[in-house]
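Just so you know, the protein sequences line up as chains A and B, in that order. First residue of the first sequence: 214, per our numbering; consecutive thereafter. First residue of the second sequence: 182, per our numbering; consecutive thereafter.
In short, the hints are calculated from the structure, not lab data. There may be inaccurate statements among the hints.
Partial list, derived from the structure: chain A residues whose beta carbon lies under 10 Å from chain B [unchecked claim]:
id: 1; residue: ASP240
id: 2; residue: LEU318
id: 3; residue: ALA327
id: 4; residue: SER340
id: 5; residue: GLY341
id: 6; residue: HIS344
id: 7; residue: TRP363
id: 8; residue: HIS364
id: 9; residue: LYS381
Here are the simulated distance ranges between beta carbons [as the list claims (entries may be wrong)]:
id: 10; chain 1: B; residue 1: THR570; chain 2: A; residue 2: ASP245; range: 35 to 41 Å
id: 11; chain 1: B; residue 1: ASP235; chain 2: A; residue 2: ALA541; range: 21 to 27 Å
id: 12; chain 1: A; residue 1: ASN224; chain 2: B; residue 2: THR310; range: 37 to 43 Å
id: 13; chain 1: B; residue 1: GLU587; chain 2: A; residue 2: ARG441; range: 56 to 62 Å
Computed footprint of chain A on chain B, listed as stretches where at least three residues anywhere in the stretch have a Cβ under 8 Å from a Cβ of chain A [to be verified]:
id: 14; stretch: 255 to 267
id: 15; stretch: 486 to 499
Keep in mind it's a predicted model, so treat the numbers as computed, not measured. Where a beta carbon is used, it is the ideal one built from N, C-alpha and C, also for glycine.
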Amino acid sequence: MVHTILPARRNIQLNEAGELRHFLSIDGLSRDILTRILDTADSFVPVGRQDIKKVPLLRGKTVINLFFEPSTRTRTTFELAATRLSADVLNFDVSASATHKGETLLDTLRNLKAMSSDMFVIRHPDSGAAHFVAQYATPDVAIINAGDGWHAHPTQAMLDMLTIRRHKGGFADLTVAIVGDILHSRVARSQIRALRALGAREVRVVGPRTLMPAGVECLGVRAFHDLRSGLQDADVVIMLRLQRERMNSAALPSEAEYYRMYGLTEEKLAYARPDAIVMHPGPINRGVEIESAVADGQRSLILAQVSYGIAVRMAVMSMVMSGQRAEAGS
Amino acid sequence: MSQAIPRTLIRGARLFDPGSRQDQVADLYIEDGRISAIGRAPEHFKGYQTISADGYTVIPGITDLMARPGGMAHFERELEAAAAGGITALVIPPDISPVLDNTAVARLVVERAARAGRSRVHVLGALTTGLAGSHLTEMHALSEAGCIGMSNMHYPVQDQRTLLRCLEYAATCSTRVFFRPVDVSLAGNGCAHQGQMATRLGLRGIPYSAETVALARDLLLVEQVGVSAHFGQISCARSVELLAEARARGLSVTADVAVHHLLFDENNLDEFNTQFHVNPPLRAAEDRAALLAGLRDGVIQAICSDHRPLDSAAKHAPFAASEPGMAGLETLLGAVLALVEQEHLSLECAVERLTTGPARIVNPDWRGLEVGAMADLCVYDPATRTKITAESLHSHGKNSPLIGHELPGRVVATMQAGRVIHPGAEKRLSA
């Protein structure tokens, strides 16, 4: 009924030719596009090992990092990625708490419009902020979502996918367990979408009911509240960071209890497959989500993840810029 | 508006009033603000204006149980919008600025509406002073000043003992209590239905229990006191069950649903379209189906616009930071006719729930298209479709997802007490 009154809209991330012109969410992207991102990122991994770590794909372009939430790590990798693509980079850190969030965002965008930049990398505490920017504010600028509220963190998910593919060869036979605070995690939402699109055999989410979104099965996952059964025969274990503010609230009683139930230890990891890999988007809370022996152990890929982050962001930035050019030229 | 009320003949229209089981093509004669004859001209009927209405349908004027002016600055403009939508009576809630908790404000609103000379305006008085949930208002005086009921609307009385006292006092004053059931702690800072869309988009969810827990509490207290109660803008399937059960137990309870909860559901939130940010939130497709069934079964008596006009900036923000609300006065009839077109409601049921259903809640003595009844009418052309545009809406709120879309029907004229209140004098139909 709704559809007869209001027809479905085109995915705003794609141009007429179906190429990426923004990168807002994994949602609605085909396996083909995700695979192309991974292939492109693979080709950029060696750039980081060269003496001159630059390619000229974004020469003459201006990239603005627009961070409404503090993040040195993510912002630095975006800055490095843009620099390696030969772009000019401007960093803006905007406190979202000072005034009404929406006003700040819209006003900031109006001011930045005058600077004729080519790409915004945006992080914002509100879900949908990157979509909002792409829809309303600056249609001629490419938008990359560096994390919006609880909604999406698609470049983080893609670097996790790159890590998995480089270590497991593919996705088809994999059982992946994502452990922790699923409810508030934009990383988990993007990982789930990416794993489903890339054809992982089974995606599981593990955590207490208080940190699990309502009806999470609609995302195409199986939900577990017991870590051991959730890890049973898993090929990939992704531990999520637990925000300190969830502690001592109505969501969780204490760090100690959380660690007892959901902390990853050698003993619990033994339920996973012997060749299972362990990942974490960082920074790690040792002794809360994960014991040091596991975090620093042979199966941990936590450091590898960081180095792939730059390659993935270079891939996304160069693809989006080329999709934007195609759109502008059409 | 002190001129004499013109005599009017509405010629050749289908007179359709499910409330009085009327459906015939006949001439309608209006004198002294009332319907004076149907079919044959009364004696001495001379010097009248004629509205040629071949192919048009005349229904009783629509009563809208929930419409906000969006600030008194736009009051007259919103009344113009109501008239343009075929609405001849609307109910304004107490949680406006200034708060409708004393007779001075109630009289101010009613008098400004009378001066505007458009649709009838009924007001609800606050149940507690300043809507603060602690002190009773002067309900007797408010009723005498024209309030048709009392409500704390979006600021529910949280203390149960205070609410019980409010209901007892309302019963003493023989006034109806209007509830918008919501448990504030369960609703939290949510901005979307706690369901698959909120899960997918990472939006803070509002669970069903935010409505059902409050509704169950309110119903138990209403039963204990025996006061008449109306529940507005019901959004959940479970709420329809609770209301049906209460009615089966013999409670004097009625309910309405906002038209957008019949047209849309959580799936419309795709890509964070802030036009669909409303309070209560759009629920699941099953809830929409249950609300439609509740209308068909008579558990829900009325469809309202829940009109809330907003400035454009209110929606230009990320979803959670945008303001909730939809403008709906001028699309109410067309939207309901769309539900008829899609066979979710019969035309009889649809029109009844826009006219007799809500009108009897406001005024038990209300009568529709009958000789002697007030000439509050809506004349519409069922064969025309109307394209909704920002320019075509009289309301200052352009916050409607229906802009850019077509709806069935077109309001040709609206009449309140025998006067044409839409279109305005400049576009008045030729006699």
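Each hint, compared with the structure:
{"no.": "1", "hint": "ASP240", "verdict": "holds (7 Å)"}
{"no.": "2", "hint": "LEU318", "verdict": "holds (7 Å)"}
{"no.": "3", "hint": "ALA327", "verdict": "violated (19 Å)"}
{"no.": "4", "hint": "SER340", "verdict": "holds (4 Å)"}
{"no.": "5", "hint": "GLY341", "verdict": "holds (3 Å)"}
{"no.": "6", "hint": "HIS344", "verdict": "holds (5 Å)"}
{"no.": "7", "hint": "TRP363", "verdict": "holds (3 Å)"}
{"no.": "8", "hint": "HIS364", "verdict": "holds (3 Å)"}
{"no.": "9", "hint": "LYS381", "verdict": "violated (26 Å)"}
{"no.": "10", "hint": "B:THR570 x A:ASP245: 35 to 41 Å", "verdict": "holds (39 Å)"}
{"no.": "11", "hint": "B:ASP235 x A:ALA541: 21 to 27 Å", "verdict": "violated (54 Å)"}
{"no.": "12", "hint": "A:ASN224 x B:THR310: 37 to 43 Å", "verdict": "violated (51 Å)"}
{"no.": "13", "hint": "B:GLU587 x A:ARG441: 56 to 62 Å", "verdict": "holds (57 Å)"}
{"no.": "14", "hint": "255 to 267", "verdict": "violated (count 0)"}
{"no.": "15", "hint": "486 to 499", "verdict": "holds (count 4)"}
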